[in-house]
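One point on numbering: in this note's numbering, the residue at position 154 of the sequence shown is 296, and numbering is uninterrupted.
It is worth saying that the hints were derived from the structure and are not from the lab.
Mixed in with the good hints there might be a few duds.
[As the list claims (entries may be wrong)] Quick list of in silico lysine to aspartate or glutamate cross-link-like pairs, DMTMM-like style, CA-CA up to 25 Å:
#	residue 1	residue 2
1	Lys-411	Glu-275
2	Lys-261	Asp-185
3	Lys-248	Asp-420
4	Lys-411	Glu-314
[Stated by the list, open to error] What follows is a list of derived Cβ distance ranges for each label pair:
#	residue 1	residue 2	range
5	Leu-332	Glu-229	49 to 59 Å
6	Ser-225	Thr-391	39 to 49 Å
7	Asp-311	Pro-349	42 to 52 Å
8	Phe-486	Leu-332	43 to 53 Å
9	Ser-425	Leu-332	22 to 32 Å
In this text the structure is predicted, and so the values were computed from the model without any measurement.
Yeah, the Cβ is synthetic: ideal placement off N, Cα and C, and Gly gets one too.
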Amino acid sequence: MTKVAIYGATGYTGFELIRLLLSHPGVRITALSSEQYSDLAIDKAFAPFRGKLGKVAFGKMEQMRPEDVDAVFLALPHTVSASVAGEILSRGVRVIDLSADFRFRKIPLYESVYGVRHKTPALVGQAVYGLPEIYRNSLRKTRLAAVPGCYPAAVILALYPLLAEGLIDTKEIVADCKSGVSGGGRGPTLGFHYPEVEGAVRPYGLPQHRHKPEIDQELSLAAGRNINVTFVPHLLPMVRGILATCYATAGAKVTGKDIENAYRKHYGKEQFVRICPDDVLPSTKDVSGSNFCDIACRFDGKSRRVIAVSAIDNLVKGASGSAVQCFNLMMGFPEDEGLRSAPFFP
């Protein structure tokens with residue numbers, strides 16, 4: 143049985159990690175950190191887990207003993223993960239980090255986006271970007287996985303085949319995204335307060351939302367040239383889900399069949415990417431609570447516009463589900479272990 147710890151277990155992504163790992167037959171959760179709920183039994187903080195984790199209680203982060211586990215999930219705020227990852231790795235323990243601290247390949251870019259000095263720059267080169275559909279082989283070998291942000295996961299999966307196959311103009315790409323309020327985290331924030339969001343749809347973070355450089359980085363690697371996406375996130379009055387609608391212009395000789403073949407080539411054998419039939423378009427409801435990413439791509443031959451749409455659950459495929467997927471690859475488990483549940487419905 144593989145023993146794991148979750149640091150930052152009482153945020154939404156930490157909660158989701160617990161939910162997913164409880165269904166993983168090869169895992170035992172032995173330690174949970176929380177500054178707010180330290181020394182409380184888990185069912186005192188999270189009633190849904192009543193009777194599920196025995197006597198496991200929350201402890202403060204400094205009380206954690208990484209040497210007693212095989213892997214640690216870091217569901218911590220940005221900059222905090224970087225301060226603890228080095229010590230954990232030095233004990234021979236694998237780390238799956240859900241913060242942004244190791245997603246960027248260039249340290250100055252991270253420091254510019256997040257406005258802080260990187261605390262462990264020497265570790266950045268060891269990290270593998272945690273999107274298994276693209277970096278599966280590297281994730282099998284790494285000891286440090288950097289799980290993508292929720293918006294980047296949706297946008298990158300939507301556009302990757304088009305850029306990898308050179309099918310679209312790289313100069314005019316738009317990613318128009320809608321997200322539920324859980325993407326803002328569990329802490330109380332006025333902009334995510336129920337009376338502020340109910341009945342409203344609004345853009346935010348323009349023009350430089352901090353997920354944009356992460357999207358640009360990964361799409362540039364896919365295309366082999368610099369990509370500068372116009373990224374427009376919106377907040378919707380729902381709890382879970384991201385819908386990414388991405389627009390680009392097809393190359394002069396590109397056909398609808400070329401586009402279809404590109405998606406089949408890259409995702410045809412993927413367990414968690416579902417290519418929608420011609421008469422179906424992605425919906426956040428169809429992936430809620432699951433690790434699936436539903437994708438559809440449509441080509442308007444008259445305007446030469448390509449429209450790629452993806453839907454994910456921001457807390458699962460956009461965070462904790464991808465983290466478990468990375469963990470499975472790193473530890474030698476079947477990639478879908480703990481992730482086989484169907485979406486919530488209704």
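Verification of the hints:
no., hint, result
1, Lys-411 / Glu-275, "10 Å, holds"
2, Lys-261 / Asp-185, "34 Å, violated"
3, Lys-248 / Asp-420, "40 Å, violated"
4, Lys-411 / Glu-314, "30 Å, violated"
5, Leu-332 / Glu-229: 49 to 59 Å, "36 Å, violated"
6, Ser-225 / Thr-391: 39 to 49 Å, "44 Å, holds"
7, Asp-311 / Pro-349: 42 to 52 Å, "20 Å, violated"
8, Phe-486 / Leu-332: 43 to 53 Å, "28 Å, violated"
9, Ser-425 / Leu-332: 22 to 32 Å, "29 Å, holds"
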